[in-house]
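Enquirer: So the chains spell out like this:
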Amino acid sequence: MTKRYIITLMAANRVGILSAVTTALAELGANLMEVSQTVLNRFFTIILDAEFPEHRTPEVIVAHLKDFCRPYGVEVDLKDPEQEQLQEMPADEVERFFLTVTGNDEPGLIRQISARISQEGIDISDLYARRQPDLSFVMVMELSVPYGIDVLQLKNDLESLCNREGLIVTLQHENIFAATNDPRPIRLLPVKSVHAIYAE
Amino acid sequence: MPRTEDILSTLRMVKQENLDVRTVTMGINLYHCIDRNLEQLCSNIYDRITRSAEQLQPTCETVSTRYGIPIVNKRLAVTPIQRIGDGFQLEELVAIAHTLDKAAAAVGVDLIGGYSALVHGGQTQGAINLIESLPEVLSTTNRVCASVNVGTTKAGINMDMIRLLGRKIIEIANATADRQGFGAAKLVVFANAPEDNPFMAGAFHGSAGADTVIHIGVSGPGVVKRGLERFLEAVPGCSLDEIAAEIKGTAFRVTRVGELIGREVAARLGVKFGIVDLSLAPTPKIGDSIGEILQLIGLKHVGVPGSTAALAMLNDAVKKGGVFASSAVGGLSGAFVPVMEDASLASAAKEGYLTVEKLEAMTAVCSVGLDMVPVPGDIDPDTLAALMADEIAIGVFNNKTTATRIVPIPGRKAGEHVSFGGLFGESVIMPVPGNACSDLFVNRGGHIPAPIQSLRN
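Sequences listed follow chains A and B, in order. Read left to right, the first sequence gives residues 1 to 200 (the working numbering). Read left to right, the second sequence gives residues 201 to 657 (the working numbering).
For the record, the hints were derived by calculation from the structure and aren't laboratory data. We put the beta carbon where it would ideally sit given N, CA and C, even for glycine. Any given hint could turn out to be false.
Stated by the list, open to error - Computed Cβ-Cβ distance ranges for the label pairs, DEER-style: (1) N657(B) / D182(A): 38 to 46 Å; (2) E442(B) / Y128(A): 27 to 35 Å; (3) R430(B) / V62(A): 47 to 55 Å; (4) P436(B) / D92(A): 49 to 57 Å.
Stated by the list, open to error - To give a feel for the contact side, a few chain B residues facing chain A, derived at Cβ under 10 Å: (5) R203; (6) M213; (7) T265.
If we strip away everything but chain B, and leave its shape as in the complex, we get (with noise of 0.2 Å):
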């Protein structure tokens, strides 16, 4: 018999502190549905999905009664369906984009990511036609989710496309202004996408993978804050290196319990499983939020001088926990910062704490980017496509990947309040200084050549 003590804390995880396994993503890969046909290209991918995922809700629920863990979101990303669709018009692209809509509701899943392209070396007319599509597709359909890598360290960065998604990005926001532009948070551009990333909005089945696979994202943040917070009670004067020590072990446990739940959904359904992706993804829930860690630590807010140290600390911590524990690493696998969605972020970006300038450099040295910032209807398409363009350059020229989901809210401006509900959060929309000030770089084009791999300082 395991120690007692080591039961009730396992359990006391599960319980009390919020662990459970955030999505199960199931990646399919598409490419064996090709056909000129559209309606048998259609035909095609509703059957491969919907054979593919037709036993992922009862399988995981099988799985999550056996261990008694959560889980929270069962998700299907596809091949990036540029890759599927090029060679169709925009509206056959539409066609595409419902036909995975309506398996993803067949199947019952709330989301599917891969309605993407991939342009950071230049892009075809399928990709241009794809990001076109944008704001017909993300205002018509429910669960499917786009994304649109920009950039890479090994190609530059596409500045034409970004000034296209700029435009795209407030037709997109106006197009479901009945939902107060929520149609932009299901949109997401990728410096150096991950291909097995199991979170949306940015999920997709990576080229390079198997047929099927089973991707694991864990949650984190409320068991590490509590771990930490019983950690800090015992001894209240530690130094960082104690509690990066301290957050490093919680990291373990939980990346533990994903693999055990991936490996199992994937043997169940007889497919290969993946990696886990260890991101501490918060909730708008308090108690489960990244902004909390870094208070606990010493930051009376979020934003503040200190932060960006912090957030790197507690970022690295999460990486050498997980890594120890499982050899299955990929995704993301950092701390997210997505304001909407982190009670902790949204109140500090209330109070003028946290400004989207200090957010992008905290983007250095964590997971993501400006990921659910809420900013001014009125913010000029330019200055929203400069704003991606930082963001992009911190990946590119870092070696990692960032991206951003900007949320233009129609008809607000900077210091009003805008609510998504459950997941989505809400926040104050935040200011961006300096609009309409970048749109002669921006409108120059062309392509940010790929960064020096020497000389780094």
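Chain A with its partners taken away, still in its complex shape (with noise of 0.2 Å):
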């Protein structure tokens, strides 16, 4: 039997940090299910989904691998999924949007967008944001928008939210970047017609 574990780590970012850190995953009999790595501003973050032998206990989990990876200075954090109250969002109910703002950088921007955005409840499922050297700011927001969302009102909820002279505010359905940069054939799926919806 195994148990999963979602484990976070931190560290200013070294060669080697990752050689590390899954030699000691797999000295403590780990399987990687799912990972997602990335560096900002020098500082390597890891988050990890990872399945452990039912007896491995999460304080051996943590003790090992700041251990084993003591000197990268690594900080851990470990969740169990089955003492958190995990949200489901069924991927055939919700549609995927980006949300990009592009101009002057200004302070409580993600806040004030994050804040509108929950009151429709809609999840934010991936989110990239920079102030670049020329100090615009760049940010991209993947939404999960459930069906049912007027995506006009939204917009122009949006819109107004950042009516700020140098803001540009766009929302568009995932499909337009995939048409642009995959040279993939472009396939919809289904679209209720709208001669479908009178006759019912």
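Got two chains here, separate frames each, mind docking them using the hints?
Expert: Written out as structure tokens, the structure is:
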């Protein structure tokens, strides 16, 4: 029997960190299910979903990872999915949209936008934001928008929320990015026609 | 999540480079509206158009919002009215045109194409009536666009109808003299007219199409130009084949946007998706110009030596990128060179670099032909007909579509300025050398036989 944990590790980035982390995990008998790693402003962060032998306790896992990766000064955090209330968003009940904001940097922008989005029950499933060397701001937010949300209304609200000189807000369905960047043929999910809607 | 760079580069095309869908055109078959009673026929046509296109505007708005892509025009194209109205008299055809105008207004579209006749093999009495009715139709309707196909590579060129059209175009211009002859801008004379062209004024619904179909016309000169500008900044000394490859990449992305929008609009309306027309259609806006692309490629002015070669390369690169992007490419799909609608072409015409003769040569390697060319109001009708015959011959003998949209400007001379405003633009009136020297040729009438398909030199 196995047990799954979600673990995050963070440290100043140095060559060899990932090797140390995965060696420690192997010694703990872990098998990785999903991994996401990024380096931000020279700091290394990784989040992993891993399966361990059932008898391996969280304390042992955290202690061994910290110990083995001591030369790198890694901080470790572990969560047991069974102890958390997890939110389910079935893939067939949401559509992915991308919200992009570009322009002059302004403190509080992400706070205002995420507050407005959460009111609608929209989940932010991915986010990239950065202040550019020229002090301008770029943010790309991936949203899981439940069917039935009035996208036009949401777009207008977000535009008026960010209605400031030099700030451009765009909300676009993910299909447009696949169409313009992926050479594979365009495939649309079946769309209900307005004629069919009238007939009902 | 798609790569952030991909998201931002798509965004840049929309926000900074004027990427839009130029037109969503609904093709509507009118064959089953046919009735020998004029009132019944008009009522059938009105009902058919308004029912089919009722949801076109709101659906386009929904899809445009969803993808953040502006859809500039929503238009209609119907079965050539000659086919529906054969057997009716001139005044009755005018009534049909007014029905089209009313139906287009009712569904909120700015133009409806299809007041058209196909006379490449010969003309029916209905076709003659339709051509005779053009001055009245184009001067008393706001939204109706007309076209006449006078030649094909298979059938040759109908010179009798070209001669008649020479006279009618001058009558149309005079009938709309209060609008500087603008009526003539709503008539296209075609060779090898495509049946699925979404662009006005030459759109009509082909008889081999589905009952109702959605076609897309993409834009693109602005996107191609800015993409090329960025590329040239990064690689200033690049060669022509590198430029062609860059244009191809942009054309791919532009076409993809068109296909996505078209497929989704069609699916939501529950009708068939037709084609994406890749034409680079300029607008008078600075930066949205074919001429400026040619200048970027390395020509000081449009019309100087090298213009035909550069345009050929541009046209070909656009097609190659588009054809790889979509299996539904059709229509005209090439670069347009409408003089009045392209600020850079209009400026080259003013400075004397771009002449009617050079423009004609350039149209041998690009889409359409002598398009939105303003000529003196006192042009001899036979000279106008002969000018059209030249352009039509380029299409017929090179197995491609060509067309003319020549606008005589009543009471004005070559060198004077004319402006229609908005998307129709402005230009200096272009001189046509050799006025009144082609009358004997044109008045011989008859048919120029179809060209030989072998020994092609």
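Enquirer: Hints first: check each against the structure and report whether it holds.
Expert: Hints versus structure:
Against the hinted window of 38 to 46 Å, the Cβ-Cβ separation of N657(B) and D182(A) comes to about 43 Å, which satisfies the hint. Under the hint 27 to 35 Å, the C-beta atoms of E442(B) and Y128(A), about 31 Å apart, fit the expected range. In this structure, R430(B) and V62(A) meet the distance hint of 47 to 55 Å, their C-beta atoms being roughly 49 Å apart. At about 50 Å, the CB distance of P436(B) to D92(A) agrees with the hint of 49 to 57 Å.
Taken as an interface hint, R203(B) checks out: its beta carbon lies about 8 Å from the nearest beta carbon of chain A, inside 10 Å. At about 7 Å, the closest approach between the beta carbon of M213(B) and any beta carbon in chain A falls short of 10 Å, and the interface hint on this residue holds. For T265(B), the interface hint holds, the least distance from its beta-carbon to any beta-carbon of chain A being 5 Å, beneath 10 Å.
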